[in-house]
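2 protein chains.
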Amino acid sequence: MTLRFDVLATCGNARRGRLHTAHGSVETPAFMAVGTAATVKAMTMDAVRSTGTEIILGNTYHLMLRPSAERVAALGGLHKFCGWEGPILTDSGGFQVMSLANLREISEQGVTFRSHIDGTPHELSPERATEIQHLLDATITMAFDECPALPASFETLQNSMRLSMRWAERSRKAFIAREGYGQFGIAQGGTDPDLRLESARALRQIGFEGYAIGGLAVGEPQSEMFATLDVVAPALPEDRPRYLMGVGTPIDLIGAVARGIDMFDCVMPTRSGRTAQAFTSRGPVCLRNARHKDDPRPLDDECVCPALNGISRAYLHHLIRSKEILGAMLLTWHNLYFYQYLMRRLREAVAAGRFADEAALLHEGFARGDIPAL
Amino acid sequence: MTLRFDVLATCGNARRGRLHTAHGSVETPAFMAVGTAATVKAMTMDAVRSTGTEIILGNTYHLMLRPSAERVAALGGLHKFCGWEGPILTDSGGFQVMSLANLREISEQGVTFRSHIDGTPHELSPERATEIQHLLDATITMAFDECPALPASFETLQNSMRLSMRWAERSRKAFIAREGYGQFGIAQGGTDPDLRLESARALRQIGFEGYAIGGLAVGEPQSEMFATLDVVAPALPEDRPRYLMGVGTPIDLIGAVARGIDMFDCVMPTRSGRTAQAFTSRGPVCLRNARHKDDPRPLDDECVCPALNGISRAYLHHLIRSKEILGAMLLTWHNLYFYQYLMRRLREAVAAGRFADEAALLHEGFARGDIPAL
Chain F
1 MTLRFDVLAT CGNARRGRLH TAHGSVETPA FMAVGTAATV KAMTMDAVRS
51 TGTEIILGNT YHLMLRPSAE RVAALGGLHK FCGWEGPILT DSGGFQVMSL
101 ANLREISEQG VTFRSHIDGT PHELSPERAT EIQHLLDATI TMAFDECPAL
151 PASFETLQNS MRLSMRWAER SRKAFIAREG YGQFGIAQGG TDPDLRLESA
201 RALRQIGFEG YAIGGLAVGE PQSEMFATLD VVAPALPEDR PRYLMGVGTP
251 IDLIGAVARG IDMFDCVMPT RSGRTAQAFT SRGPVCLRNA RHKDDPRPLD
301 DECVCPALNG ISRAYLHHLI RSKEILGAML LTWHNLYFYQ YLMRRLREAV
351 AAGRFADEAA LLHEGFARGD IPAL
Chain C
1 MTLRFDVLAT CGNARRGRLH TAHGSVETPA FMAVGTAATV KAMTMDAVRS
51 TGTEIILGNT YHLMLRPSAE RVAALGGLHK FCGWEGPILT DSGGFQVMSL
101 ANLREISEQG VTFRSHIDGT PHELSPERAT EIQHLLDATI TMAFDECPAL
151 PASFETLQNS MRLSMRWAER SRKAFIAREG YGQFGIAQGG TDPDLRLESA
201 RALRQIGFEG YAIGGLAVGE PQSEMFATLD VVAPALPEDR PRYLMGVGTP
251 IDLIGAVARG IDMFDCVMPT RSGRTAQAFT SRGPVCLRNA RHKDDPRPLD
301 DECVCPALNG ISRAYLHHLI RSKEILGAML LTWHNLYFYQ YLMRRLREAV
351 AAGRFADEAA LLHEGFARGD IPAL
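Residue numbers (my numbering), protein chains in the order written: chain F, 1 to 374; chain C, 1 to 374.
Take these hints with a grain of salt, some might be off.
When chains are identical, the list treats them as one kind, so a pair holds in a single copy or across two.
Mimicking DSS-like on lysine-lysine, the simulated pairs with C-alpha atoms at most 30 Å apart in a straight line are [unchecked claim]:
| hint | residue 1 | residue 2 |
| --- | --- | --- |
| 1 | K323 | K173 |
| 2 | K173 | K293 |
| 3 | K41 | K173 |
| 4 | K80 | K293 |
| 5 | K80 | K173 |
| 6 | K293 | K41 |
It is worth saying that the hints were derived from the structure and are not from the lab.
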């Protein structure tokens with residue numbers, strides 16, 4: 001294996017680990033900040049680092065269209081291009097082609113689609129998606145997969161999963177191994193246990209440096225997602241990192257760590273930061289609400305984030321109402337810090353063998369709800 | 001005088017000074033960053049500080065409408081509200097009421113207008129504008145004035161200037177003096193030398209802690225602005241700071257410092273940062289242009305700003321084309337840094353008695369134009 005992963009401690013099914021890459025190490029369970037178009041929206045890379053983020057995610061779909069993989073390669077790769085020296089994981093483009101592109105056609109070969117920017121035709125296949133990620137110099141490359149929307153019939157899920165497994169094999173063949181770099185396969189199969197187990201077996205047979213669980217958090221209830229994790233996580237190799245794609249809320253993260261997941265990514269902290277929603281130790285708070293207008297108190301008594309030091313709810317409310325860019329900047333920064341703070345607490349709790357207690361404490365905090373209005 | 005100002009050195013008519021305020025000192029000539037709605041747009045206050053900015057400007061018009069002066073006062077004043085501990089100068093609202101409000105009526109008493117946000121009626125007068133600035137806890141309060149658009153007839157300019165002088169006297173009476181705080185009068189009179197001298201005399205007779213020159217950079221050629229400065233600057237007290245309002249380009253600043261101006265404010269560096277224009281030692285550069293698409297070079301060889309360390313033109317171009325907030329953040333930061341870098345060079349040159357040489361060197365750089373495309 002060219003991507004070393006150490007499981008340092010376990011507590012129940014929860015794992016405390018460390019991933020060693022060519023671009024530095026990552027403490028797990030880890031939350032990856034989403035940097036869609038070579039930027040974590042509304043943040044400088046220094047600000048991203050200040051949150052404790054160790055690895056960011058780039059989107060193959062967006063980057064292949066603009067500025068293009070070949071251009072990024074000519075400019076020295078994604079790390080240099082965007083000023084992030086740490087590890088970068090890129091998705092394969094599959095999920096976004098399915099959900100974003102309005103004109104697309106899927107075949108055994110791959111997907112053809114039109115750019116949402118200028119309508120130009122493009123193609124993604126296991127080989128091309130892997131090549132693009134190589135051109136971007138992704139630390140972690142994702143296999144190309146199809147991700148069907150839920151709910152879907154058993155037959156749809158089965159066909160789609162088996163196509164994804166054939167694509168996974170082609171992706172693996174196209175991957176150029178390098179020390180400290182790796183490729184993750186993606187388990188599919190919706191919420192069907194048998195399909196998920198078949199998918200996990202297929203991926204193990206191919207062999208990857210890590211294993212992702214895709215096709216969840218696409219509309220199904222949280223309980224179904226957790227039930228699926230209960231089936232699929234134990235079916236993945238114990239000595240390799242497990243990555244739950246596109247998840248989730250703080251409560252999703254706690255529940256998934258409890259089920260043995262090591263890595264996450266989600267637009268939630270960053271997107272919410274641009275829509276006035278803040279994550280706090282007492283659950284989410286919408287700062288657009290008039291109740292904050294005269295409130296001199298900090299957003300969260302427990303918050304020690306570098307973004308909101310000395311900043312009142314009234315000021316955040318003012319920035320949001322005035323549509324000031326700084327509102328998005330500060331809330332995004334805070335939210336990402338909050339997510340990393342949560343991950344730190346979970347990591348420490350696993351290491352200390354008190355994960356269940358910590359999870360209960362966090363849940364209790366979220367359930368309290370926001371402080372009463374003044 | 002409750003606002004100490006020391007002229008430390010002169011070189012020709014250019015002055016190197018230091019203004020001592022209740023919120024810290026300001027090295028002059030100084031450029032004040034515009035923080036319209038209690039935020040320097042697209043920048044954190046830490047970033048503003050990192051550029052060497054020592055004083056920022058707040059807009060009475062915007063702040064009185066949202067969040068309102070009374071609310072800011074209840075929240076502890078503007079410094080605490082926005083997290084800027086240094087000096088803050090607030091304008092009087094006059095200029096913006098004239099130029100922004102679509103429904104306004106001017107009388108001897110003051111101006112009535114409707115909010116551009118919700119259409120509610122408001123009033124500004126010398127007394128109310130001064131009270132608002134007191135509520136905001138402005139370090140430097142500006143007298144309330146009328147600022148006519150140029151070109152205008154002599155009679156219009158004369159009537160307007162004399163109204164402004166009567167308003168200046170009422171503003172002064174309404175001002176509550178405190179140690180380390182001050183109020184500046186504003187000379188008006190368009191580009192007419194006699195009116196400007198009459199205005200300067202009227203202000204000296206009232207007596208202020210500083211003197212501003214308003215009603216310039218509103219459409220007249222630069223040569224007329226400079227000619228007006230040649231008349232009005234020497235007519236203002238030598239031992240008090242002189243502030244040229246709303247100016248300007250780097251070349252405007254150099255020419256105005258040469259004519260004895262000590263303080264400036266302008267939206268140019270910040271607004272340009274949101275519209276893809278960067279200021280460099282070789283003049284302005286538009287990063288939206290396709291010529292930068294593949295360009296791995298830094299924006300400016302001479303730039304050592306904290307925003308663009310390691311950042312290529314290609315990346316900036318990509319951010320702008322992708323409409324990413326980070327594009328506005330980085331360019332605004334860079335531009336404000338560039339303005340402060342320029343002011344530092346001018347201050348050092350005055351102190352060293354080589355202002356004309358430095359001005360010539362800067363002009364030469366700007367005239368070179370951008371580096372050739374790759």
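- Hints breached by this structure: Numbers 1, 2 and 3 - these are the hints that the structure violates, sorted from lowest upward.
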